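Asker: Given chain A, put chain B with the ligands in place with the hints provided.
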Amino acid sequence: MNFLRFLFGCFKIITKGGRVYYSSLFFLLVLIVWGGLGYLDQLQNGLIMTNMRDSVSWGFYIGNFTFLVGVAAAAVMLVIPAYIYDWKPIKEIVIFGEILAICAVIMCLCFIVVDIGNPLRFWHMLPFVGTMNFPYSILSWDFFVLFAYFLLNIVVVTHLLYKQFFKKHYNKSIILPLVLLSIPAAIAIHTVTAFLYNALPARPYWNSALLAPRFLTTAFCSGPAVLILLFQVLRKTTKFEIKDEAIFTIAELMVYAMFIYLFFTISEFFKEFYSNTEHIVYWDYLLWGAEKNKEIAIYSWASIIMGTSAFILFLIPKTRKNLLTLNIGAVLIYFSVYLEKGITLIIPGFTPDTLGQYFFYVPSETEIRTAAMIFSGGALLFTFISKIAIAILFEGFSIDSLEKKAITELKNKPVAL
Amino acid sequence: MNPISQSMQKEEKSNSRREFLKKLPVLAVGAAALGGCSPEEIEEYFQQNFKTLSKEEKDEIVKNLEKKYSEKYGKEFTVSDSPATEGILFGYALDLSRCIGCRKCVYACVEENNQSRDPQVHWIQVLQMEKKKGIDLVHADVHYNPEKVPEEGHFYMPVQCQQCRNPQCVSVCPTKATWQDEDGIVVVDYNWCIGCRYCMAACPYGARHFNWGEPNIPDEEINPITHYLGNRPRTKGVVEKCTFCIQRVREGKYPACVEICPTGSRKFGNLLDPDSEIRYILENKRVLVFKEELNTQPKFYYFFGV
Ligand code: SF4
Ligand code: SF4
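Listed in order, the protein sequences are those of chains A and B. In terms of the working numbering, the first sequence opens at residue 84 and continues consecutively. In terms of the working numbering, the second sequence opens at residue 105 and continues consecutively.
None of these hints come from the bench; they were simulated from the model. Bear in mind that the values here come from a model prediction, so they are computed numbers and not experimental data. Just so you know, even glycine gets a beta-carbon here, dropped at the ideal spot from N, CA and C.
Examples of chain A residues lying across from chain B (beta carbon under 8 Å, computed): (1) G129; (2) F205; (3) N216; (4) L222; (5) S223; (6) A285; (7) R286; (8) V364; (9) D436; (10) L438.
Cross-link-like lysine-lysine pairs, in silico, DSSO-like; alpha carbons within 27 Å at most: (11) A:K470 x A:K488; (12) A:K171 x A:K401; (13) B:K208 x B:K235; (14) A:K354 x B:K395; (15) A:K354 x B:K237; (16) A:K95 x A:K322; (17) A:K375 x B:K237.
So here's chain A without its partners, still in its complex pose (with noise of 0.2 Å):
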């Protein structure tokens, strides 16, 4: 009775808002059906539909899927600050970052349903009912450590909110060693995301032992960008209180994150281009495309313009110091980390393919709709999660604040009629 109010509660809470929150729910909307029915034309033809082929056989999807990776271990890994530095809402930086993390995961692994050729069968790589190829396969490990992530995120933040509904303390001998669990768990699933592609000798563009060390930092960038603009956003919008010192914080580190990775990526450049062994080509084709296709050169520059300038604003006190500066900061440093994950990471591997033979790739409108489906999805489930969070957290929605209400409810029934 009481989780079917709760249920109630909570529809109530995400149907209702203002006039920017219903455009905003009506515009994701629109993107998922306009995305869903370019779905259910691959669904249809079959992954023809997409501009994949034989020498390029993972794209745009997959490149998606590395990214969300990453958005979903930063997000988490945010709490090591969080508790060195001691900010205040601690409890709430965890909520939302785990808030994060759980839609990421699920976006993850949408993505690779989408790109699957027989997403029905997917439950052949489980253990038990199918054949699990455990401990071979990297992506039998990197299903299995993305679940255990997602279901370690969905107990700690259903716990944390269901105990606030309820009025009552949390279980800290519980929550605490499992939020401290996140932490190397959110390190480990882009790890092994990163050796998914990093072991394949085939794949000279990905073989190399910096692919690791890479993607978290590159994540470490991602995840904190969002997070610092929903901060500031919660913060204007609830009772969500954080102080500038600590998103300044959260910016630093960053800055750190993003040093770390410009030297790692000055090396593997050093490296590639000083030896100039035949794997040039991969490296060639990332900066200057080959012959007269240069789609790819154009994301990775701007990938490297948008890098640089948000290192460049979060470098100096002034600018990340700023407001408005560390914001612009820090959806530069979104888009081009999107931009590396999404598109320059995984189609160079595969432009020439292992015959020298190119491929030119570029996704085609169906991916682009699915994809779409799939981050509006996301979001609105974010967006609904969020909500009622905030409505626990800030705004006193509880059990008492059922009660009062149906308590109301009853002494206003004979007035109305």
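Answerer: For chain B with the ligands alone, kept in the frame of chain A given last:
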């Protein structure tokens, strides 16, 4: 909400509604397909990994498939599930000095192995290379198309599955849908493959091919003598590859490419039989394996016969 955005909303809505209505038949068909699944289809859906099944279960499955394919293509089909024979390890050798790049093997393979004609699937890729550059992939071309082969200054290197002893494609597959049988042939269970294409990323020889769309083969061109792990008709969304013509070699015949090659560049045999032609080549010619630095240890050798 202001009137402008309202009317915009209406327009958007009616637009997406129109599109939606167009799709309605598809949705209906989908729902009908789900609801109207025949018991065989449901059984097929729950079929387990072929490798884990008993002889009886395998026989039952291939019998059902024979019936299904015979009805679908209007001719008598055989689907074999013959296992590997002890004491046989298949090996292949290709004479780079004889190959003229005519691509007869490519098309013989397509016909024998029921590869889709449209979209086109080729298990064998012939690379044209420049003589003065040697085996150099950066300058190799699969799309060469002159009036007459061989072309001046070029040589040809056909590439197909190298039947690695240490196959990357098998280690990465998350579902064990692909494996190396006892006679060394790397096979795919098309009913178990989920189509994740991890194996394609892992194969260093571009040997694995994906059915991006529904495969199409004219009924009169279909080869009805098939093997479950080889050339039986595939569906969209699964990976396929060269199996040394498993349906032929397990019956003691040569692969189709070996038979068709007009220059006799292609040699095939049992690596465990000291008197086989393949062993003769290994002993008397100098062979090389492609991308030996990757430690895939192919059972497919290249050599220079003349
Ligand atoms: S050549 Fe490719 S497909 Fe064939 S066994 Fe080796 S890795 Fe697998
Ligand atoms: S595409 Fe099929 S055979 Fe290849 S790795 Fe995935 S499930 Fe295995």
